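Student: First residue of the sequence shown? That's 1 in full-length UniProt numbering, and the numbers climb one at a time after it.
In case anyone wonders, no lab produced these hints; they're calculated from the structure. Please read all numbers here as calculations on a predicted model, not as lab measurements. Some clues are possibly wrong.
Pairs of lysine-lysine, PhoX-like flavour, derived with a Cα cap of 20 Å [as the list claims (entries may be wrong)]:
#, residue 1, residue 2
1, Lys6, Lys42
2, Lys157, Lys140
3, Lys140, Lys39
4, Lys138, Lys157
5, Lys6, Lys140
6, Lys12, Lys39
7, Lys138, Lys101
8, Lys42, Lys138
9, Lys101, Lys140
10, Lys155, Lys57
11, Lys57, Lys157
With beta-carbon atoms standing in for the labels, derived distance ranges [as the list claims (entries may be wrong)]:
#, residue 1, residue 2, range
12, Phe61, Leu156, 20 to 28 Å
13, Gly46, Gln125, 13 to 21 Å
14, Ile5, Ile45, 18 to 26 Å
We treat Cβ as the ideally placed atom computed from N, Cα and C, and that holds for glycine.
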Amino acid sequence: MNPTIKTFPTTKFIGKNLSFTYVDYRTFELWSSFMPRRKEIKNVIGNEVYNIQINPKDFDFKPNTPFVKWAAVAVTNFDYIPDEMETLVMEEGLYAVFNYKGDQTNAAAFFNSIYTEWLPSSGYQLDSRPQFEILGEKYKNDSSESEEEIWIPIKLK
C-alpha cells in the first residue's frame, strides 16, 4: 500500500446527499437518484463523478455512527443549481491518494487496511475533512476491471 500524497484544491460541487450509517448503507439509493439527473448540472469540470463522505468530528467508524455521503460533480460556479440538488465547497487540503482496482467486494477490507495499517505506520494522521473517491473513465460499476482513486484527508502527526 503506497499512496501518493497530493494537495486537492478548493473545489465547488453540485450533487445530492444522504445521511446514513454503515448498517443502513443507502449509497445505491443516493446514486440511483443522482445519475439520471447529472446532465442537468451546468459548468461541470471534467467527466468524473465524486463519491464524497463527510464524517462527524471524531468519527469512530462504528457501524451505527451516521455520516453524510454525496454523489456530485465538480463545477466552475453555482450559477445554476438543479431542483433537489445542493452545493458543497471542499477546502484545499492534503490527501493520501490510493488506487483501488476491482469490484466492491474487497472495498471494505481495502479501506480497513488504510485506516488500521497504513495510517498508523505513516507520518500522518487523519484530518477532519471529507474523504472521497474519484470515479473517472476507468470506473466500471461492479466490474473486476474497475479502477478508482480513494482520497483520504491527512495532516502531519
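Student: Look at each hint and say if it fits the structure.
Tutor: We went through each hint and held it up to the structure:
no.	hint	result
1	Lys6 <-> Lys42	violated (27 Å)
2	Lys157 <-> Lys140	violated (36 Å)
3	Lys140 <-> Lys39	holds (19 Å)
4	Lys138 <-> Lys157	violated (33 Å)
5	Lys6 <-> Lys140	violated (24 Å)
6	Lys12 <-> Lys39	holds (17 Å)
7	Lys138 <-> Lys101	holds (9 Å)
8	Lys42 <-> Lys138	violated (23 Å)
9	Lys101 <-> Lys140	holds (10 Å)
10	Lys155 <-> Lys57	holds (15 Å)
11	Lys57 <-> Lys157	holds (17 Å)
12	Phe61 <-> Leu156: 20 to 28 Å	holds (22 Å)
13	Gly46 <-> Gln125: 13 to 21 Å	violated (30 Å)
14	Ile5 <-> Ile45: 18 to 26 Å	holds (23 Å)
Hint check: violations occur at hints 1, 2, 4, 5, 8, 13; the rest are consistent with the structure.
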